[in-house]
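In case you want the letters, here they are:
There are 2 protein chains.
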Amino acid sequence: MGKQYLVTGAAGFIGAAVAQKLLEFGNKVITIDNLFTGKLERVPENVELIEGSVFDKQVIDKLNGRCFDAIIHIAGQSSGEVSFENPVYDLQTNCQSTLLLLDYAQKTGCKKFLYASTMSVYGDHTPPECSESTELLPKSFYAVGKLASEHYMRIYSQQFDMACTALRLFNTYGVGQNMSNLKQGMASIYLAMAINRHIITVKGSKDRFRDFVYIDDVVDAFLKALARERGYDSFNICTGRAITVEQVIKTITSRLPGPINVTYTDGTPGDQFGIYGNNSKAKDSIDWEPHWMFEDGMDKMIKWAVISAQPGSSEKELG
Amino acid sequence: MGKQYLVTGAAGFIGAAVAQKLLEFGNKVITIDNLFTGKLERVPENVELIEGSVFDKQVIDKLNGRCFDAIIHIAGQSSGEVSFENPVYDLQTNCQSTLLLLDYAQKTGCKKFLYASTMSVYGDHTPPECSESTELLPKSFYAVGKLASEHYMRIYSQQFDMACTALRLFNTYGVGQNMSNLKQGMASIYLAMAINRHIITVKGSKDRFRDFVYIDDVVDAFLKALARERGYDSFNICTGRAITVEQVIKTITSRLPGPINVTYTDGTPGDQFGIYGNNSKAKDSIDWEPHWMFEDGMDKMIKWAVISAQPGSSEKELG
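As they're listed, the protein sequences go chains E and B.
Its first residue numbered 1, the first sequence is counted upward by one per residue in our numbering.
Its first residue numbered 1, the second sequence is counted upward by one per residue in our numbering.
Where hints are given, some of them may not hold.
[Unchecked claim] Simulated restraints, written as ranges between beta carbons of each label pair:
1) E:159 <-> B:283: 35 to 41 Å
2) B:62 <-> E:56: 25 to 31 Å
3) B:62 <-> E:246: 48 to 54 Å
4) B:280 <-> E:48: 54 to 60 Å
5) B:3 <-> E:41: 40 to 46 Å
6) E:108 <-> B:283: 24 to 30 Å
7) E:62 <-> B:259: 54 to 60 Å
8) B:266 <-> E:273: 20 to 26 Å
9) B:283 <-> E:207: 36 to 42 Å
Note that these hints are calculated values from the structure, not bench results.
C-beta: ideal position from N, C-alpha, C; glycine also.
Required output: the full structure, derived from the provided sequences and hints.
Set out below in structure tokens:
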């Protein structure tokens, strides 16, 4: 028999993909999404939507005390750049929301809590490989809020015997990514610019690098983490491979027709130069490993994005 | 000529003492305090009071864009225990307040920001000596908010060239401590119980221990930290000496007349077993070291508390 899950942010890229997979396995999924950056048409069919912000207690109250087999908290504004424009909103969406959901979980007897954390909690390091024990030096308000949420989960896990898991997602990309938000998602930003304007404007150095992890692998990590039965833990969800901005752009431009100009401007506040992750802990503890190579993932994403951009097409059908 | 300082929380124990000392040196001091746990009569004479919460943007606006030589942010609910009763309020008072003040500092050209952080950011460790590079594993929501505030300061310092300093205060005690709040301040809680009820109720083990630092030494640390000109840094403000709960109680009961009963109950959520601090970094970097021994500080505090408790006396005159 299917289980019942709360997946926040199912109108967004990662939330929609996780919700979709849970539905495919015969589960019931409810979501809370304020549709600020998410889109209504992204919410998978058969997901029950409560429209509102997770950091609003009155919205949480609309859950009516239903008990979930797990709460998977993915909603939140996810741009480090935007967090500099409104740090207080970022604190609410990425931190207060976690507190309210943990409180809801504890009061309703929900014993599993999964959270979409971020590689940004590390900040920059030399050498650039980060394991879960690397010092945490967040560079953006966004990352500080995510880190505080991790601590909240650790405390709840200790005080109330809940299994809490933070997945530190590295740069997630792939089919279904929001192609109209030019402030979040390095792969989708460059790809959208290349397709729509034939110009890629890069904010910062071409030598910066990221560890790109494909959406299907990220979804798989959430499913694997659901098996955890007790305690708090955090895991790097990454490939362990550094891809430079220059390589990303080459991958995109070599797969698209016509000349595409690339220009460079100043970086954004709090942007990291580059780290990549060590994923041994996720392999050992939750039996997760990535299956997608960057080139293959980008192949698939670019084809999808090109077709989606054609007049009359619907992103959703193609995703 | 005197300077102009904003000292938040000057109706509280530490804020009042810091404000008083700055006034003595001929400076002008303005405070914001919501008087939730602070007391109006505690605010030193000649300090201009804006009554309200620092996490309320409209209250900050009442500063009218005045530029301060430094902002010293001390206000905030300071009980780990209380933070479990209302985690969201704790987040606002200890975290959102810091964001709003940093934003105010940046916009008004204030170049120095001091913050009352806490030893609680460390959590428990074995061995129990903590230096500033010890891993940060906060056990209470209170401590998570304080730690997030430290990160915010580090980011502001990097992005906006401000000198930001976090003082990780260990257990501050002494003359002037709030003797009517039984949820914050180990020394003041036991002392108040002993004087007022002749019964000390201990929540948790007698073997727990703390590093007690006298209020005058803490005030001195804020003054020394004001000299910092650039960058972010954090410092342990502590003695390096562990005093057990049992020793605290013996110190109190041996100095007061009559039998005093001691009973033990369950601990409070998120309470630390015990750590003590290494203060070498504060010695080396800001030339600070503690001058008060625990026994001497307690002698002075107990005499003050006994006289204050007599009918008709005023705590303030005696402080």
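For each hint, the structure was consulted:
With their beta carbons about 36 Å apart, residue 159 (chain E) and residue 283 (chain B) fall inside the hinted range of 35 to 41 Å. Separated by about 27 Å at the C-beta atoms, residue 62 (chain B) and residue 56 (chain E) satisfy the suggested range of 25 to 31 Å. Taking 48 to 54 Å as the suggested C-beta distance range, the pair residue 62 (chain B) and residue 246 (chain E) conforms, at roughly 50 Å. For the hinted restraint 54 to 60 Å between residue 280 (chain B) and residue 48 (chain E), the CB-CB distance of approximately 57 Å keeps it satisfied.
At about 58 Å, the beta-carbon gap between residue 3 (chain B) and residue 41 (chain E) misses the expected band of 40 to 46 Å. Under the hint 24 to 30 Å, the C-beta atoms of residue 108 (chain E) and residue 283 (chain B), about 50 Å apart, miss the expected range. Look at residue 62 (chain E) against residue 259 (chain B): about 57 Å separates their beta carbons, and that is inside 54 to 60 Å. One distance hint, 20 to 26 Å for the beta-carbon pair residue 266 (chain B) and residue 273 (chain E), is violated here, with the actual separation near 49 Å.
The supplied range of 36 to 42 Å is met by residue 283 (chain B) and residue 207 (chain E), whose beta-carbon atoms lie about 41 Å from each other.
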